[in-house]
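Produce the entire structure from the sequences given, and follow the hints as far as they go.
Next come the chains, spelled out residue by residue.
Number of protein chains: 2
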Amino acid sequence: MQTIIAIVGGTGAEGSGLALRFAQAGARVRIGSRSLEKAQQTARHVGEQASGHTNPDAVAPAGVVILTVPLSAQVDTLKSIRGSIAPGAILVDATVPLEVAIGGRVSRTLTLWDGSAAQQAARLLPGVPVVAAFHALSAEALARLDHPLDCDALICGDSAEAKAVVSQLAQMIPGVRAIDAGPLDNARLLENAAALLISLNLRHKAKDSGMRITGL
Amino acid sequence: MQTIIAIVGGTGAEGSGLALRFAQAGARVRIGSRSLEKAQQTARHVGEQASGHTNPDAVAPAGVVILTVPLSAQVDTLKSIRGSIAPGAILVDATVPLEVAIGGRVSRTLTLWDGSAAQQAARLLPGVPVVAAFHALSAEALARLDHPLDCDALICGDSAEAKAVVSQLAQMIPGVRAIDAGPLDNARLLENAAALLISLNLRHKAKDSGMRITGL
Numbered sequence: 001m002q003t004i005i006a007i008v009g010g011t012g013a014e015g016s017g018l019a020l021r022f023a024q025a026g027a028r029v030r031i032g033s034r035s036l037e038k039a040q041q042t043a044r045h046v047g048e049q050a051s052g053h054t055n056p057d058a059v060a061p062a063g064v065v066i067l068t069v070p071l072s073a074q075v076d077t078l079k080s081i082r083g084s085i086a087p088g089a090i091l092v093d094a095t096v097p098l099e100v101a102i103g104g105r106v107s108r109t110l111t112l113w114d115g116s117a118a119q120q121a122a123r124l125l126p127g128v129p130v131v132a133a134f135h136a137l138s139a140e141a142l143a144r145l146d147h148p149l150d151c152d153a154l155i156c157g158d159s160a161e162a163k164a165v166v167s168q169l170a171q172m173i174p175g176v177r178a179i180d181a182g183p184l185d186n187a188r189l190l191e192n193a194a195a196l197l198i199s200l201n202l203r204h205k206a207k208d209s210g211m212r213i214t215g216l
Numbered sequence: 001m002q003t004i005i006a007i008v009g010g011t012g013a014e015g016s017g018l019a020l021r022f023a024q025a026g027a028r029v030r031i032g033s034r035s036l037e038k039a040q041q042t043a044r045h046v047g048e049q050a051s052g053h054t055n056p057d058a059v060a061p062a063g064v065v066i067l068t069v070p071l072s073a074q075v076d077t078l079k080s081i082r083g084s085i086a087p088g089a090i091l092v093d094a095t096v097p098l099e100v101a102i103g104g105r106v107s108r109t110l111t112l113w114d115g116s117a118a119q120q121a122a123r124l125l126p127g128v129p130v131v132a133a134f135h136a137l138s139a140e141a142l143a144r145l146d147h148p149l150d151c152d153a154l155i156c157g158d159s160a161e162a163k164a165v166v167s168q169l170a171q172m173i174p175g176v177r178a179i180d181a182g183p184l185d186n187a188r189l190l191e192n193a194a195a196l197l198i199s200l201n202l203r204h205k206a207k208d209s210g211m212r213i214t215g216l
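Chains as they are written, first to last, in my numbering: chain A, 1 to 216; chain B, 1 to 216.
Any copy, or any two copies together, can satisfy a pair, since identical chains are not distinguished.
Listed next, the in silico DMTMM-like pairs over lysine to aspartate or glutamate satisfying Cα-Cα at most 20 Å (straight line): (1) K38 to E48; (2) K205 to D150; (3) K38 to D57; (4) K207 to D146; (5) K205 to D180; (6) K79 to D114; (7) K207 to D150; (8) K38 to D76; (9) K205 to E140; (10) K207 to E140; (11) K79 to D57.
Simulated from the structure, these hints should not be mistaken for lab results.
Shown next, in the form of structure tokens:
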């Protein structure tokens, strides 16, 4: 059976960009939002592979739940969906702990007590395999469906099986190579790499910088 | 007049790799070490463009001082050379604050009080323009003189002039593109990106992974 993908925070730029790409590749995508109306609006934009729901409804039948919300919304959103996540489902956290959450800069990160946003998610979702991924895929680049991306998807987590599933998802996106980046403990490195790209975008007036790892 | 480059910690893998590349490009390189004998030995290996010195002697006539030492040696080394750095000289800090300095892992970083190793260097060298660079250039790749590198050199610092000098140095190395990565405040992002590459090398049994920024 085909995996159902829920994208929580799916009306944002990153979430809807991922939704467009997964739908393009033939996946069923459930757009989640606090607002049912906005979720349905984004789903119509994504196309017939997509449907719009409130966040808890979006995740209930999903095998993979992708979280694409700002840090300021991460904890509350996880609390709102944790009762609805199906047994065996994977949580993919793409949160970048940007300082902007406390009024600071979009190019700086906060140090979280758990070490990373993904580890914070794992603490809030005991028993759910958490994978950190997709931080560095440019929303702008995702939305340009006629162009392949030019970047690698670094993926970390403590479950090899969950990482394999997420790697397959990543490689549904043209131009993306999935790279295993180790245990969830490494998530802070991926989150900081995303902040680095945001900083480079600002400095160089770019919108879709990406990262390729050479030599692997 | 040609810039004289001092490489402090120049007998290590990263320092001697940089020395080889700068000498290959025709620069005068002064290898610094705590041990004069080791410095001279490395200088002979690098070739006639290079000379070996104790660290304070290496830096005295240099326009650019590149620091390539482990975190555990960074503070003491900076204290040992700060009285010898010429007025107007630039300090390039390539220190990666790896947890191995306190017996931990080579793929994890420590959070320093100053925010980054480069900012720590700047605090210890008041008045000296400090640039963070060269963390992510693989020592293995640098040493293979017949192969160009396949990576970008991300450079940050608070002096645009100093960054321009270091960018020119970086681009003396075949295959390297220099990218301005903003103020010194961003150095922790570059240091963490280097730790990410170390982690990927370990996981994928590679020795010379690098990083390219796409879309710029």
